[in-house]
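All chains, please: the whole structure from these sequences, using the hints.
The listed protein sequences correspond, in order, to chains A and B.
Under numbering that gives the first Met the number 0, the first residue of the first sequence is numbered 0, with each subsequent residue one higher.
Under numbering that gives the first Met the number 0, the first residue of the second sequence is numbered 0, with each subsequent residue one higher.
One or more of the hints may lead you astray.
[To be verified] Far from chain A, by Cβ distances over 12 angstroms, these chain B residues were calculated:
#: 1; residue: E37
#: 2; residue: P40
#: 3; residue: R89
#: 4; residue: D214
[Unchecked claim] With a straight-line Cα cutoff of 25 angstroms, these simulated DMTMM-like cross-link-like pairs (lysine to aspartate or glutamate) come out:
#: 5; chain 1: B; residue 1: K88; chain 2: B; residue 2: E128
#: 6; chain 1: A; residue 1: K184; chain 2: A; residue 2: D135
#: 7; chain 1: A; residue 1: K184; chain 2: A; residue 2: E291
#: 8; chain 1: B; residue 1: K201; chain 2: B; residue 2: E180
#: 9; chain 1: B; residue 1: K201; chain 2: A; residue 2: D135
#: 10; chain 1: B; residue 1: K201; chain 2: B; residue 2: D93
#: 11; chain 1: B; residue 1: K201; chain 2: B; residue 2: E77
#: 12; chain 1: A; residue 1: K184; chain 2: A; residue 2: D288
#: 13; chain 1: B; residue 1: K88; chain 2: B; residue 2: D78
#: 14; chain 1: A; residue 1: K184; chain 2: B; residue 2: D93
#: 15; chain 1: B; residue 1: K187; chain 2: B; residue 2: D214
#: 16; chain 1: B; residue 1: K201; chain 2: B; residue 2: E68
#: 17; chain 1: B; residue 1: K88; chain 2: B; residue 2: D172
#: 18; chain 1: B; residue 1: K88; chain 2: A; residue 2: E187
#: 19; chain 1: B; residue 1: K187; chain 2: A; residue 2: E187
#: 20; chain 1: A; residue 1: K184; chain 2: B; residue 2: E66
#: 21; chain 1: B; residue 1: K88; chain 2: B; residue 2: E66
#: 22; chain 1: B; residue 1: K201; chain 2: B; residue 2: E6
#: 23; chain 1: A; residue 1: K184; chain 2: B; residue 2: E68
#: 24; chain 1: A; residue 1: K184; chain 2: B; residue 2: E180
#: 25; chain 1: B; residue 1: K187; chain 2: B; residue 2: D100
#: 26; chain 1: B; residue 1: K201; chain 2: B; residue 2: D75
#: 27; chain 1: A; residue 1: K184; chain 2: B; residue 2: D100
#: 28; chain 1: A; residue 1: K184; chain 2: B; residue 2: E154
#: 29; chain 1: B; residue 1: K201; chain 2: B; residue 2: D223
#: 30; chain 1: B; residue 1: K88; chain 2: B; residue 2: E37
#: 31; chain 1: A; residue 1: K184; chain 2: B; residue 2: D113
FYI, nobody ran anything at the bench for these hints, they're computed from the structure.
These figures come from a predicted structure and were not determined experimentally.
Ideal placement from N, C-alpha and C gives every residue a C-beta, glycine not left out.
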Amino acid sequence: MAVSVALVEAPAVAVTPMSYWRTVGWRLSRDRATLLAGGVLMLIVLSAVLAPWLAPYDPSAGSIRLRLAEVGAPGHVLGTDEQGRDMLSRLLWGGRMTLVAGLTPVLVALVLGAGLGVAAGYVGGITNTLIMRTMDIFYAFPAVLLAIAISGALGPGLANTLISLSIVFVPRVVRVAESATVQVKGLEYIAAARASGAGVRAIVRHHLLANVLGPILVFASTQVSLSIILAAGLSFLGLGVTPPAAEWGLMLNTLRQSIYVNAIVPALPGLAIFVTSMAFNLLSDGLRDAMEIRG
Amino acid sequence: MSRPLLEARGLRKHFPLHGGVLQRTRAWVRAVDDVSFEVAPGETLGIVGESGCGKSTLARLILRLVEPEAGVLRFDGEDVRAASPSRMKRLRRDMQLVFQDPYASLNPRLTIEDAIAFSLLVHGTPRREARERARAILGRVGLDPGLHGRRYAHELSGGQRQRVNIARALVLDPRLLVLDEPVSALDKSVQAQVLNLLRDLKAERALTYVFISHDLNVIEYVSDRVLVMYLGEVVETGTAEALAQSPKHPYTQALFASAPSMDPDRRMDRLPIAGDPPNAIDPPSGCRFRTRCPFAMPRCAEVPPPWVPVGATHEVACYLYQAEPASVA
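Spelled out as structure tokens, the structure:
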């Protein structure tokens, strides 16, 4: 392994150790659970992206005559919902919504939260107090309650869901980013960089971010599953995506009355949420293990 | 004596301690209090003292990594504290620091080569040249650039890491190297190798060292002159031989008494000091050592003792010595 790497990168040197990211990739490639989770996730994302081409029916066109068809019914592999709409098509289209509603807030929180957290941690003093105490205000509310309150105030709709969930996740990322920054900032290699005459920008770029982004990324990836569940939950409560759009949480809500008629079909969106958030959790676990620096 | 390369006059740093709901300043940790010294070009000044006596803070004050509150700091005659940011950046090339902890002092995400080259890049050296010089200096400190250059810090041993630290400090061609406990984290055999490397480098590059350590044997081995620190203050200064042969301050005597000596003839019968140093937050009045001093007198608590010359280049701050140096025994 190492020898072949050496041949590619530096022919003059006999043995070149693997670069950090190559090591991470190598570790991931030997972690079966993470690979499986990654594979499942890839399938889910692909099917969501390709929904317009994969879905056999229009997700919002139904036929009252075919309401609540069983799984395996002719023409409808996964049955139909309470309005006779094809479940497979709705699950495929719904995945798009759920993934967007789950991933976007975390991405927004990652950018904003990392920026604010690193600034608070590195600058310290008043800046730190201002940023961190503001975050504490948001942190004082339980995540679900905060999301419901903001969504309720803003009104239903995908955009408002994204805003309210971003507000939920930014403070969490800020906290992790800040504590990681404070910890790294106190290490001697940062002092050494200062002693060599490096400015704040060079230090943050070359010494701080590389050591802080790892833990922040891993933390953010653990939040994706929660975000998906919260997004679905908001839709379930009627605060998220509005009907007739397909979204897993919303589907769960509208199908819930049919659970005594047909128990399996209403469970399908729930299963989809479960598998997706599980896959994200397993992936972030594997990522954390692989990115660890071992001495 | 020619003009000193480094001159400190009355350096002081007190760290505020915050407490309470409003985070008001409750107390001050008097880490470094009124410390003065000079380092001549080519000299090695040893600074010795127990842990917590302000040695590391002093190292950081010299490099202005921590801003001094009061005092004068001159490098080659230039006022360091008054230097503009751009001038300071230039000055940093001339003064470098080697850190104590070989683990925390290297960025785990950078290869050894990149960690060393970074200092050069900061000062505008082209990338290729910086890398070449980094590899060259790695070779000089006894590491194989081909074997170790592309490795990460955690893949090296403690001694190898400390060599990297030294290489990183030297790559800027400094004139003054401040070494903050450079060998304390290493085991004895590696200590000797690193100390010899430092000695060779000093001769080869006409370096001046400020060498900080709690280990008297190490200090005695490397230093020309020694500064003994206690609770943020200097209590005695003199040549390494003078101090080793006739330490004057009771604290210095106690330090020598508690240091394991290799030479049976030099073992002292005096009691090593007992207990821990008092808190630097609220140091004792007068002479700070009086609470542990076997010779403490009433007036030690009143006014801090003045400096008394007890030899040509030997001074001590203690009431036991008046105009005439008297024996303690």
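Verification of the supplied hints:
1. E37: holds (22 angstroms)
2. P40: holds (21 angstroms)
3. R89: R89 of chain B is in fact no farther than 12 angstroms from some Cβ atom of chain A, at 8 angstroms.
4. D214: holds (19 angstroms)
5. B:K88 with B:E128: holds (20 angstroms)
6. A:K184 with A:D135: Status holds; Cα separation ~22 angstroms.
7. A:K184 with A:E291: Roughly 19 angstroms separates the two Cα atoms, so the pair holds.
8. B:K201 with B:E180: OK: K201 of chain B and E180 of chain B at ~17 angstroms, within 25 angstroms.
9. B:K201 with A:D135: violated (53 angstroms)
10. B:K201 with B:D93: Holds - the C-alpha atoms of D93 of chain B and K201 of chain B are around 14 angstroms apart, at most 25 angstroms.
11. B:K201 with B:E77: holds (23 angstroms)
12. A:K184 with A:D288: holds (23 angstroms)
13. B:K88 with B:D78: It holds: about 14 angstroms lies between the C-alpha atoms, which stays within 25 angstroms.
14. A:K184 with B:D93: holds (24 angstroms)
15. B:K187 with B:D214: Measuring from Cα to Cα gives roughly 12 angstroms; hence the hint holds.
16. B:K201 with B:E68: Cα-Cα ~31 angstroms, so violated.
17. B:K88 with B:D172: The given pair, whose Cα atoms are some 14 angstroms apart, holds under the 25 angstroms limit.
18. B:K88 with A:E187: holds (19 angstroms)
19. B:K187 with A:E187: holds (23 angstroms)
20. A:K184 with B:E66: At roughly 17 angstroms apart (the allowed maximum being 25 angstroms), E66 of chain B and K184 of chain A satisfy the hint.
21. B:K88 with B:E66: holds (15 angstroms)
22. B:K201 with B:E6: holds (20 angstroms)
23. A:K184 with B:E68: holds (22 angstroms)
24. A:K184 with B:E180: holds (21 angstroms)
25. B:K187 with B:D100: Given pair K187 of chain B, D100 of chain B holds - Cα atoms ~16 angstroms apart, limit 25 angstroms.
26. B:K201 with B:D75: Holds, at roughly 18 angstroms.
27. A:K184 with B:D100: holds (15 angstroms)
28. A:K184 with B:E154: This hinted pair holds, its Cα atoms lying about 22 angstroms apart.
29. B:K201 with B:D223: holds (13 angstroms)
30. B:K88 with B:E37: Between K88 of chain B and E37 of chain B the Cα gap is close to 22 angstroms, so the pair holds against 25 angstroms.
31. A:K184 with B:D113: holds (19 angstroms)
The structure fails to meet hints 3, 9, 16 from the earlier list, while all remaining hints are met.
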